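Number of protein chains: 4
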Amino acid sequence: MDFEYSQKTKDYVERVGAFMDKNLYPNEEELEQQIEDGGRWCVIPLLEEIKARAKADGLWNLFLPDSGRGAGLSNLEYAPLAELMGRSHFASESFNCSAPDTGNMEVIERYGNEEQKAEWLAPLLEGEIRSVFCMTEPAVASSDATNICSTIVRDGDEYVINGTKWWSSGAGDPRAKISIFMGKTDPDAARHQQQSMILVPLDAPGINIKRMLSVFGYDDAPHGHAEIEFKDVRVPVANLLLGEGRGFEIAQGRLGPGRIHHCMRTVGAAERALDAMCRRALERKAFGRYLAEMGVTRARIAEARIDIEQARLLTLKAAWLMDTVGNKEARSEIAQIKVAAPRMALKVVDNAMQVHGGAGVCQDFNLARLYAGLRTLRLADGPDEVHLDQIGRLELKKYL
Amino acid sequence: MDFEYSQKTKDYVERVGAFMDKNLYPNEEELEQQIEDGGRWCVIPLLEEIKARAKADGLWNLFLPDSGRGAGLSNLEYAPLAELMGRSHFASESFNCSAPDTGNMEVIERYGNEEQKAEWLAPLLEGEIRSVFCMTEPAVASSDATNICSTIVRDGDEYVINGTKWWSSGAGDPRAKISIFMGKTDPDAARHQQQSMILVPLDAPGINIKRMLSVFGYDDAPHGHAEIEFKDVRVPVANLLLGEGRGFEIAQGRLGPGRIHHCMRTVGAAERALDAMCRRALERKAFGRYLAEMGVTRARIAEARIDIEQARLLTLKAAWLMDTVGNKEARSEIAQIKVAAPRMALKVVDNAMQVHGGAGVCQDFNLARLYAGLRTLRLADGPDEVHLDQIGRLELKKYL
Amino acid sequence: MDFEYSQKTKDYVERVGAFMDKNLYPNEEELEQQIEDGGRWCVIPLLEEIKARAKADGLWNLFLPDSGRGAGLSNLEYAPLAELMGRSHFASESFNCSAPDTGNMEVIERYGNEEQKAEWLAPLLEGEIRSVFCMTEPAVASSDATNICSTIVRDGDEYVINGTKWWSSGAGDPRAKISIFMGKTDPDAARHQQQSMILVPLDAPGINIKRMLSVFGYDDAPHGHAEIEFKDVRVPVANLLLGEGRGFEIAQGRLGPGRIHHCMRTVGAAERALDAMCRRALERKAFGRYLAEMGVTRARIAEARIDIEQARLLTLKAAWLMDTVGNKEARSEIAQIKVAAPRMALKVVDNAMQVHGGAGVCQDFNLARLYAGLRTLRLADGPDEVHLDQIGRLELKKYL
Amino acid sequence: MDFEYSQKTKDYVERVGAFMDKNLYPNEEELEQQIEDGGRWCVIPLLEEIKARAKADGLWNLFLPDSGRGAGLSNLEYAPLAELMGRSHFASESFNCSAPDTGNMEVIERYGNEEQKAEWLAPLLEGEIRSVFCMTEPAVASSDATNICSTIVRDGDEYVINGTKWWSSGAGDPRAKISIFMGKTDPDAARHQQQSMILVPLDAPGINIKRMLSVFGYDDAPHGHAEIEFKDVRVPVANLLLGEGRGFEIAQGRLGPGRIHHCMRTVGAAERALDAMCRRALERKAFGRYLAEMGVTRARIAEARIDIEQARLLTLKAAWLMDTVGNKEARSEIAQIKVAAPRMALKVVDNAMQVHGGAGVCQDFNLARLYAGLRTLRLADGPDEVHLDQIGRLELKKYL
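Chains as they are written, first to last, in my numbering: chain B, 1 to 400; chain X, 1001 to 1400; chain L, 2001 to 2400; chain G, 3001 to 3400.
Don't take each hint at face value.
[Stated by the list, open to error] DSS-like, lysine-lysine: derived pairs with alpha carbons at most 27 Å apart:
| # | chain 1 | residue 1 | chain 2 | residue 2 |
| --- | --- | --- | --- | --- |
| 1 | L | Lys2010 | X | Lys1397 |
| 2 | G | Lys3285 | L | Lys2210 |
| 3 | X | Lys1055 | X | Lys1010 |
What the hints contain is simulated information worked out from the structure, not anything from laboratory work.
Since we're looking at a predicted model, the values are computed, not measured.
Using the sequences provided together with the hints, build the complete structure.
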């Protein structure tokens, strides 16, 4: 047992950290301003520059394991980098490591054929286009994926796609070109073989972005979360991934690494909020004393430290398990971090807001936006309740 | 001891409830749409119509106690009406009962002279103009009001006002005409006699709205929360309220009723969220069962019911104490509800969001906006920590 | 709506309070010592004296409503007296107001015939004998009363009783003479008509006290909680209460007032713990400051005050509802206080222990014993989970 | 980074586990019975046998690092064994690894001279005698060790000791022969050099065990927690440890490993409680369903699993830090586990009690006793509040 990061990880941590110090933190306001100036649903020029620098520095596609195409880092090696990226809003994209592209690239890498890779994976890996994952549907509780009722019906050499999806994140980006769409190819098949995944170009006729969803008032531009109607959308049969009825299998494989990424970014976000809390406490006075001199403030800082440490260790252990025994054996731990990390970070950010007073809930310290984003993580990929239930079942299974 | 509302209260509850059933609930979406259509910082035509109807029905200025000008309801009598108004975003304004106008009208009513009343109170009571309260400052922890450092300096027949205020709510409204401004007239006076309050028309030269603050990602248009710079703003000495050095005294008198209003509206907001939670649980299925059939959901509904009941009772008791023994004797209870009510409602709304899944955090069920608004209540008029400390001190005082 | 106690209540509060100041608080240690000296399972001489004084002062059987035999107080009028009694371990018994005698006396008063009243109610009302309630069984989850599987089988002029009961509180007292026993007279009847209640003298052949249960490490002597085996115990048919198959009906009627008593005593216990916390904080120093000077301590005191106020109000409202609309209409509120009051008090006592350091968990401040007793209230009469589920169901029912 | 235990650790884990399966778990009731039969403050014959077996199996003094006298395990290597021992009440003593002997042996090993080791360490390592640590005083908040006011005054070749100590655990054991006593040798020295530690045989004249303290009603016999008066107790100057004024230094060195032991035992206790919760949930029915079939139960089991995993990882990391960078560098983590582990375990045990119903708070499942013991850990070696404050200060220090 050894709690020290490997030398390889430490090197990457240092490089990513240094890159962020130089390129991300000092540019956070400017990047926001460029979104504003560009009318929000725009390409951000400065971000494109930063991406070019990251690519030049070899800090690119770090998330992609087991592949000649990425950095070849294991989940455990990548996790601390995801944590760093969680500290700054634009960091993940800077390194071409932002969701849902990461998951989509992994899916095409693992399950796509050579044509699909050439057409979609290559430009995604270059950061030239972006992608969307179309799974959740407004009409049904999508945490139970068997509820999903969009249809993918074969008609000659084409599939005809119908359905309404929402929380299709990234659809606001002008560079979003391709989606991975989940729907039923065979409603009469066995429960977990009804679904398939298919590549659907976003400029296909019949696709209609009905509206953009807000998250606690934020539009998350230029990324954004769309509600999209698919009406008789036709794509060639060659666009199907892996095979009919294998949608669940792909979904399963997609989930694990994404959880590590999300949870480690969440840990990084919590560290950033704790940092803000400490700084504020050291510079703000009330009733004649700095907030940092008050026991109530120090207790909260301590609670944040304890909670962050624990969540980080659990996430790293889940990553290590994925690397050593595989996603299936690690499924309790993967579910555990899905519950533990966002909950932890929400508490830290909430306390950080409180220490900031009114400044904490407005646009000045990014804390409220952080909170909003983290709050959705208690719902995305299934609400806490579903994961807790699964963990409980796995625990009870040990006795049967 | 009697937990039944008086007949008078019950009558008002019925009338306000019926008015809301007819005019507010069915128009919530249309009202939002008119804000959108009007460019956000606009007068909302439909709301003006609704206000006219409320006025015609005698449901107007219900908040104003002890005055020929209002409905003459005690705090205890008004409280259940405030709860009802808390259920719908536009309700308070419909009855001319929305903050900060309510507090400002009370201040002018109690501390203003006849000229001030004629010029500002009359149109406020008519709902023709709106007002702003300029107290909090970005540069200092304003929960400790002695920190406030804006200046009000006499120069001949005028006062010269300098300072930067923020969280000046309502400043976005095109009808906002007048502000009550707090600042120091004498920095060398005793600690609680340095401050004064003064009426400052918002069109006075030297006033500059620097920016509007967001709450989480909401702009709260057309109301809005402004950061305002006052630079050498000059007003006649007659605009001073009550007298130099009496700002604290006014602030004190202003606080109590506002707390009851806020807290009862908070109770109403929580009831609305619980209502949404129950409805959603009864119509949404996952894993083959309605959410309402799951023990975890029912337990949360139960927790919400318990918490709401308790917070309502405590708020009503605080109102009753204010009516019977006065604000000063009731100051522990007033502080208690300030802490208890928002905390309770945040938990209820958060659980309601969770039951709604992704729909809970976007624009569809208003829950995230409710959450954002309630979250600020843990900071407005001083953060929880200040109130808890005061309650603790009052408790310990009993032993000295 | 009026939060002031009636004059009658205020008079009783004053008299009970004065009696406790004189007779209970100063004798708490001596009463404990007499239990020790008497070998624990003994009659406490000083307590008998105090009871005589209470009876002489007319502070006797205060709990018994609607009856020529008691004080004739409504639930709302009695509640504040129960709160006072909750402040001191021996207070309830001093006024002949301690469980399970109170519930048992009510049952015999309401459902017993004249012979039963003469034989058992009269000496109970005099405080000469004590009684036991035999409902819970070790073998089944007794919160679901249909699980109860003891049998009451008619055999000529007798009923033959078999079964094992536990948590039969009061069975350790040498004066315990009679039990009310619940069991099945007809296992084939409709679900809620299988059960009956019957009076079983504790000296009947076939009754065997197998052991006394500890609560945490407390034996609660001389009261105690027994596991009792009933083996072919025979009692005359005249001992049946109300009629065969009416056990549920009686259980229902017994519950409501008992909840108010328990919850108000719980509020009193929390007040006592808060009192201890404040006193300790004012006299204990660490790191150069009194604990009372530390913000963390004051925040906890404040939380305790807020929580106590809310739980008290909810309990009083439930009492008022029982008096005005009846137990059935008030069943949500009765369940609500069952959950809210012990939870609140446990938190207060736990924080009080923490402020006392090691002294808090040992015999010196009675806090750990208080905690242990309160902890059982989250289980007695059904665990929280059952009540939350019921509250949730009642809430959802409003929509059907 | 590697989350797998070393082969050495895994071997020990297997051996200790197998020993417990064979010797501890099946004998838990018999061991309790022998305490009862022996009049509680007795040597337990069966435990002595088990100890002999453990010694014969080479599972003896496992806690003692860096010494020819113990097993030579690092903190990280010993930690998983401490976890196992935490699963059963008598396990630690079986392996001669129980507090306060462990800490006392370490102190004599590290700071004692050869004579002291021969006289006291040798028989302690053999498990022939037991020992007591006399630090906490009833009169002062001992978490602030500078408060401690017992005196150790030199008089010729002797030190004269005066003071009252409590929570002197193990003093009830008939084999308790020696204490390590902390007191002031020089009240005028610098703050952290006033204190010394000295070996005081428990049969020295002037030592009076005033009473045994209960923990939530438990006497913890035969171990027990004593209040001890030292009145003019005289010991040879040779009994002083390390030197005058070095008491703090010793206390500091003693603390770290003890924290790991306590916290890992706490993790083990939580695992045992979770195990009990699962088993109960799988065999108990209410309202027609097993408790394990209810979502509320599964959610709690899941919460327990998540919380245990996190606390274990944090404790292991603290152990690793102690081994690699030393106690001083690891002091935040050591404080963090002191807060996190007992809190976690109390929640798990409390939920386990709740699932057990009345059986959970009595003697039948050991859960209430577990709770009581864990509750004291939030106070022993300083209350949570002191540790949280220290963690907060260390965090803030990073910015100075």
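Evaluated hints:
Simply put, Lys2010 of chain L and Lys1397 of chain X have alpha-carbon atoms about 24 Å apart, close enough for the 27 Å limit, and the pair holds. Annotation: proposed proximity of Lys3285 of chain G to Lys2210 of chain L holds, straight-line Cα distance about 25 Å (limit 27 Å). The suggested pairing of Lys1055 of chain X with Lys1010 of chain X holds, with an alpha-carbon distance near 19 Å, which does not exceed 27 Å.
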